[in-house]
Each structure stands twice: as structure tokens, then as C-alpha cells.
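Novice: Each chain, letter by letter, is given below.
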Amino acid sequence: MEMRIIIRRVIIIALTIFACFLLQTSVFSRMEIAGVVPNVLIIITSGFGFLKGRRLGGVVGFSCGILLDLFNSSLFGLYGLLFLLIGYLNGLFRKLFFGDDMKLPLLFVGISDLLYGLFVYVSMFLRRSRMDIGFYFMNIMMPEMVYTICVTIPLYFCLEYMIRKMDETDSKRGNRKIG
Amino acid sequence: MRGSRSGIPSKFILIILGIICVVFLFVSYATGFSGGPLQIVADYVFVPMQRGIDLIGSSVSVSSADAKTKQELIAENAELQAEVERLTNQLTKTQLQQSELEELQELFALSQTYSEYETTGAHVIARGTSNWFNTFTIDKGSKDGIKVNMNVIAGGGLAGIVTDVGSNYAVVRAIIDDTNNVSAMVLSTEDQCIISGNLQTMTEKNMITLSKLEDPEGNVVAGDSVVTSNISNKYLQGILIGYIDQIEEDENGLTKSGTITPVVDFRHLTDVLVILQVKETGE
Chain W
1 MEMRIIIRRV IIIALTIFAC FLLQTSVFSR MEIAGVVPNV LIIITSGFGF
51 LKGRRLGGVV GFSCGILLDL FNSSLFGLYG LLFLLIGYLN GLFRKLFFGD
101 DMKLPLLFVG ISDLLYGLFV YVSMFLRRSR MDIGFYFMNI MMPEMVYTIC
151 VTIPLYFCLE YMIRKMDETD SKRGNRKIG
Chain H
180 MRGSRSGIPS KFILIILGII CVVFLFVSYA TGFSGGPLQI VADYVFVPMQ
230 RGIDLIGSSV SVSSADAKTK QELIAENAEL QAEVERLTNQ LTKTQLQQSE
280 LEELQELFAL SQTYSEYETT GAHVIARGTS NWFNTFTIDK GSKDGIKVNM
330 NVIAGGGLAG IVTDVGSNYA VVRAIIDDTN NVSAMVLSTE DQCIISGNLQ
380 TMTEKNMITL SKLEDPEGNV VAGDSVVTSN ISNKYLQGIL IGYIDQIEED
430 ENGLTKSGTI TPVVDFRHLT DVLVILQVKE TGE
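Those sequence lines, one after another, are chains W and H.
Just so you know, we're using the numbering used here here: the first sequence kicks off at 1 and counts up by one.
Just so you know, we're using the numbering used here here: the second sequence kicks off at 180 and counts up by one.
Be aware that a few hints might be false.
Mimicking DSBU-like on lysine-lysine, the simulated pairs with C-alpha atoms at most 30 Å apart in a straight line are [unchecked claim]:
1) W:103 with W:165
2) W:103 with H:190
3) H:190 with W:95
Quick list of simulated restraints, FRET-style, between CB atoms [what the hints assert, rightly or not]:
4) W:118 with H:220: 25 to 31 Å
5) W:129 with H:425: 19 to 25 Å
6) W:15 with H:449: 24 to 30 Å
7) W:6 with H:410: 55 to 61 Å
For the record, the hints were derived by calculation from the structure and aren't laboratory data.
In this text, a Cβ means the ideal position worked out from N, Cα and C, and glycines have one as well.
All chains should be built: construct the whole structure from the sequences, respecting the hints.
Specialist: The following block contains the structure:
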């Protein structure tokens, strides 16, 4: 029974990542605003992190990152590492989180996206002596963060609802087995 | 619940996955590994879905184009008729020149350098996954004969180069990507230069940078076309890249740099042509 629950979770989470990746590469890329597209994968990485803890945050982040690596031409594994760390770091704040409060998740997603931007800038732009961080901050990181936060609002409700349902059914089944 | 589900502490997961990533990084740095067996997942899971979504998306955008009024269409038709006439005239002239050129080339026993490349058309089915880089995925892969380092053109100009190939898809890095460099030359003077993608100038004014142009006589002026160079080791010769916007002398007094406007409209890229020929340089 334990095994079945785990498999079910894996499938649900994999489908979520799959849907979000398609959302980002095929749907949102047609809805560019101010030259940027939102970062949907950061939202689910961060979301799983602070809703479900370090372990799941890290695993989901790692999967998202490897997926990005597959469709990118830079070094393989870079995004994997970055998203793994972001998921894990968000997981550290799980205990801070209470039910329906919306401000905290938005804050975490925003900070995660900024971290992501900074990491990409330092690892792939600064080392090729692109020094003008102010420009990149104002034209790439900030707009991306704002857009991502806007997208977080609807997406977060779906994610939270899904996780709550998943937990409920899983614990019901668990109880039935014990009883 | 949490503890009973699996006994592995989260720190171990972090460390193990971190090590996997670092190993991937080293392997990819050393051998150019880009996913290996994982690419199969991309081939059979993601690419078909992306194709489907792209199809829906493009049909939606086509139907918004349908919504033009009759007057608009008539005006546009008249305009296009005029254009066709002008182009037909131009074509006749060019054909005459072409036959003359061929005769002369035969006389000189020159092999044709700008031979027509064999191409295959492809759809752009997904955009790159980040705002920092400019890559896109096309719906053809090794099954259709696509290989790494093939040149991709669109609308008469150079669009990018194939960097990763799966059996049903290929990832293309655009020439405006910040990490991309093309060895190029100015068409009129055959002076060599380097064209580099640049996120900053691209965001500010839709241009990319030109550098290391050696032009001691100062013959190169704004408006000149820039094409891929004969000494480039990845790009086939003579593909149009763009037009010079402005150039100025560097501090060293030997070379010049400036900006060029690419001919390809990267914001509305939907169909591209892949040249089925990899430049052979004997390396």
C-alpha cells in the first residue's frame, strides 16, 4: 500500500512538472510582456519547497532543472544544480507557512526568481565580462520577477489545492489500511 | 506520515542530487554530453505535446489574422500586385545577369561558390526556457537528417545554428544569443569581422554587435550588408546576417566595432529552413 501511494505521488508530480514545462515553453512564450516570459518552473519548485518541505522541494527542483538542461545548449547540469538548491532553500521555510496567507508564497517565489536571475547572470554573463548588472537587473530580472509573481497568483491556488487533495486521499487510504 | 514514508534524510537527498549535477557538469564540460538517454524522454514525451500546442497556437493566431476587413484586403492586394510587378521586372533583369555571370564563370572555370544549398523546412515548436538566452526548438531531428552545427536560415538571413539533436527535435541557438559568435565579412569590401549576439543591445535597440573589423581604408559605411565569412569554421559562406547600423574606430586604432541590425525577425519566428550541409574545414 505504501508503495502504491508513493507511485501515485510520483505520477501526479511528474504530470505537474510536465504541464508546467509545456506552459512555459509553448504557451507563455507566445505571451511575452516587455520582452520577458514568466518562469513557471520556479513557481512549482518554490511551491513544492515551502508547502511540502526540503525533500520534495529538492527533488522537484532537480527534475525541473534537468528538464531545462535538456532543452538548453549551455552546460548540462547547471540548471539542475540551481533548481535543486532553490527547492531545498524554500523547503527550509516550510514551518513559517500558514494556510491561506498569500503574501508569503509570493515573497518566496519572487526571491527565488531573483536568486535564479542572479545565478544565471554571475555564472554565464559576468564571466564573459558583461559588467552592466544594473541594466540586466532592470531589464531582465525585475520584469521577469513581476510577471512571474502575477502568474503565481492563479497557479499557486491550483498547486495548493492539488497538494491538499493528494494529502487527504493519501491519509484516508493510510487510515483505512490501519483500521 | 512524513517520517514513515521514506527514511532518507533530506540532507542526503540534497547531497546525492547535488553530486549527480556536478558529475553531469564535468562530463558535459569534458565530452559535450547533453542528456544522452534522457533525450529519448524529450523525443517521445515533450516534443509531440509541444507540436500539438504549437499547432493550436498558430491556428489561433491565423484566425486573428482572418479578421481583416474587406477594404483592408483590397488595399493590401493592390499593394501586393504593384510589388509583384516590380519584382518581376527585377527578376528578369537578374536572370539576364545570372546567365551572363554563368557564362563568364564557365570561361574562368570557376566552381560555383554560392551553390544552392539543399534545405529542409521546419517549424519552431518551442522557445528557449529563459529570458537570458535565445534558443528555440524545431520539429525536425536526426530522423530528417539534421546534425549538430547545421546552419538555420529564415526570411533570407542567418537565424542560428543547431546545437543539440534528438531524433524528432533539434535545439537551435539564435545568432542574437549572448553567447553566440559568427565569423563574418562585409559584403562590399570583404573585410573580416566578428558578429556577436548581445542581450543588452538587443533589448535596447534590436541590434547585435560587430567587432574586430579591419578596415584601414575606411571603405565600410553604415548600411553595408554583412554576410558569413569564407573563413568561418561553422557557418557556410555568404549567408546574409544583417546591415551595419553604425561603426566607430576602437581605442587601439587598428580595428573598428559597431552594431548591425539582423535581417531575421526573431520575435516572430515560426518557420525556418535548415541547410543540410555541415561546413567541412578539415579540423
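Novice: With reference to the structure, classify each hint as holding or not holding.
Specialist: Cross-check of the supplied hints:
For the given pair, residue 103 of chain W sits about 22 Å from residue 165 of chain W by alpha-carbon distance, which is consistent with the 30 Å threshold. Our distance criterion of 30 Å between C-alpha atoms is met by residue 103 of chain W and residue 190 of chain H, whose separation comes to about 28 Å. With a C-alpha separation of about 17 Å, the suggested pair residue 190 of chain H and residue 95 of chain W falls inside the 30 Å cut-off, and the hint holds. Between residue 118 of chain W and residue 220 of chain H, the C-beta spacing of about 30 Å keeps the proposed range 25 to 31 Å intact.
Between residue 129 of chain W and residue 425 of chain H the beta carbons are some 22 Å apart, a value that agrees with the proposed interval 19 to 25 Å. The hinted range of 24 to 30 Å is satisfied by residue 15 of chain W and residue 449 of chain H, whose Cβ atoms lie roughly 28 Å apart. The beta-carbon spacing between residue 6 of chain W and residue 410 of chain H, approximately 58 Å, falls within the hinted interval of 55 to 61 Å.
In summary, the structure agrees with every hint in the numbered list given earlier.
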